[in-house]
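Visitor: Line by line, the protein sequences give chains A and B. Using my numbering, read the first sequence as starting at 1 and increasing by one per residue. Using my numbering, read the second sequence as starting at 1 and increasing by one per residue.
Quick caveat, the hints were computed from the structure, so don't treat them as lab data. Cβ coordinates follow ideal geometry from the N, Cα and C atoms, glycine included. Just so you know, not all the hints are guaranteed correct.
The following label-pair restraints were derived from C-beta to C-beta distances [what the hints assert, rightly or not]:
1. A:N59 with B:N69: 40 to 50 Å
2. A:I14 with B:G106: 50 to 60 Å
3. A:T71 with B:Q52: 21 to 31 Å
4. B:N69 with A:E11: 11 to 21 Å
2 protein chains.
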Amino acid sequence: MVEQIIKLIAESQIAILCSVDENGYPCAKAMLAPRRVNGMREVWFSTNTSSQSVERYRNCNKASIYFYNATTFQGVMLRGTIEILEDAQTKEELWQDGDELYYPNGITDPDYCVLHFTADNARYYADFCSTEIKL
Amino acid sequence: MVEQIIKLIAESQIAILCSVDENGYPCAKAMLAPRRVNGMREVWFSTNTSSQSVERYRNCNKASIYFYNATTFQGVMLRGTIEILEDAQTKEELWQDGDELYYPNGITDPDYCVLHFTADNARYYADFCSTEIKL
Numbered sequence: 001m002v003e004q005i006i007k008l009i010a011e012s013q014i015a016i017l018c019s020v021d022e023n024g025y026p027c028a029k030a031m032l033a034p035r036r037v038n039g040m041r042e043v044w045f046s047t048n049t050s051s052q053s054v055e056r057y058r059n060c061n062k063a064s065i066y067f068y069n070a071t072t073f074q075g076v077m078l079r080g081t082i083e084i085l086e087d088a089q090t091k092e093e094l095w096q097d098g099d100e101l102y103y104p105n106g107i108t109d110p111d112y113c114v115l116h117f118t119a120d121n122a123r124y125y126a127d128f129c130s131t132e133i134k135l
Numbered sequence: 001m002v003e004q005i006i007k008l009i010a011e012s013q014i015a016i017l018c019s020v021d022e023n024g025y026p027c028a029k030a031m032l033a034p035r036r037v038n039g040m041r042e043v044w045f046s047t048n049t050s051s052q053s054v055e056r057y058r059n060c061n062k063a064s065i066y067f068y069n070a071t072t073f074q075g076v077m078l079r080g081t082i083e084i085l086e087d088a089q090t091k092e093e094l095w096q097d098g099d100e101l102y103y104p105n106g107i108t109d110p111d112y113c114v115l116h117f118t119a120d121n122a123r124y125y126a127d128f129c130s131t132e133i134k135l
């Protein structure tokens with residue numbers, strides 16, 4: 001099952017990143033595929049420091065990431081916490097060609113940061129069944 | 001813009017339904033297209049009464065529904081509350097051929113219920129810009 005989940009994550013072009021807003025409402029946002037993944041345990045995205053998501057994670061670091069395949073009816077939700085990384089080394093490691101479109105001032109652009117997600121548990125849905133997985 | 005959003009919702013085959021769990025973590029779940037939509041204001045889904053989502057909405061009715069198009073980079077998040085409907089009339093109105101697959105006992109199956117979502121506000125993303133909309 002872990003292999004199936006890792007394959008699902010690797011093949012997803014879009015991830016749904018969820019947060020909780022200041023009034024306690026759940027929020028969702030489509031993100032391009034993560035910049036880096038460590039099994040089911042850690043996920044890294046690049047994003048704008050000025051975005052609402054970053055503001056929300058500074059207030060409440062609880063998060064989930066949802067990957068799904070609408071054709072095979074498989075989905076996995078990773079649940080855990082987000083850390084906002086703004087150190088030079090991480091920003092350089094995660095930078096990709098073309099990122100200037102989002103961060104015109106390049107790698108040191110203060111509006112460029114990295115979201116580092118660490119999962120505590122996962123819920124996998126396939127074949128009409130859900131399974132909880134402790135990580 | 002409202003027309004664009006209504007078109008986005010109508011063309012989405014999948015909706016991402018979000019809730020907050022008992023520990024305050026955001027949760028996401030892919031749903032087949034809604035059973036009924038009233039503009040951007042109301043959305044109805046059918047679901048299993050025994051599902052985790054229903055249990056969560058009984059504890060906390062704050063919800064969001066996210067529709068997006070990965071090709072055009074458009075997305076809309078509707079934020080509001082969920083009401084769980086189990087009355088015979090609503091269940092009959094929302095029933096569709098083929099639902100026996102999910103609810104073997106038919107329209108009166110106690111494991112079949114309707115989620116009625118009412119939006120308070122929306123956030124629309126298109127052309128790299130986000131817009132807040134009060135409803």
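Visitor: Now tell me, hint by hint, if it's right for this structure.
Guide: Checked hints:
Our hint of 40 to 50 Å for A:N59 and B:N69 is violated, since their Cβ atoms are close to 29 Å apart. About 36 Å separates the C-beta atoms of A:I14 and B:G106, a value inconsistent with the hinted range of 50 to 60 Å. At about 23 Å, the CB distance of A:T71 to B:Q52 agrees with the hint of 21 to 31 Å. B:N69 and A:E11 have their C-beta atoms about 19 Å apart, which keeps the hinted 11 to 21 Å range intact.
Hints 1, 2, counting from the list given before, are not met by this structure.
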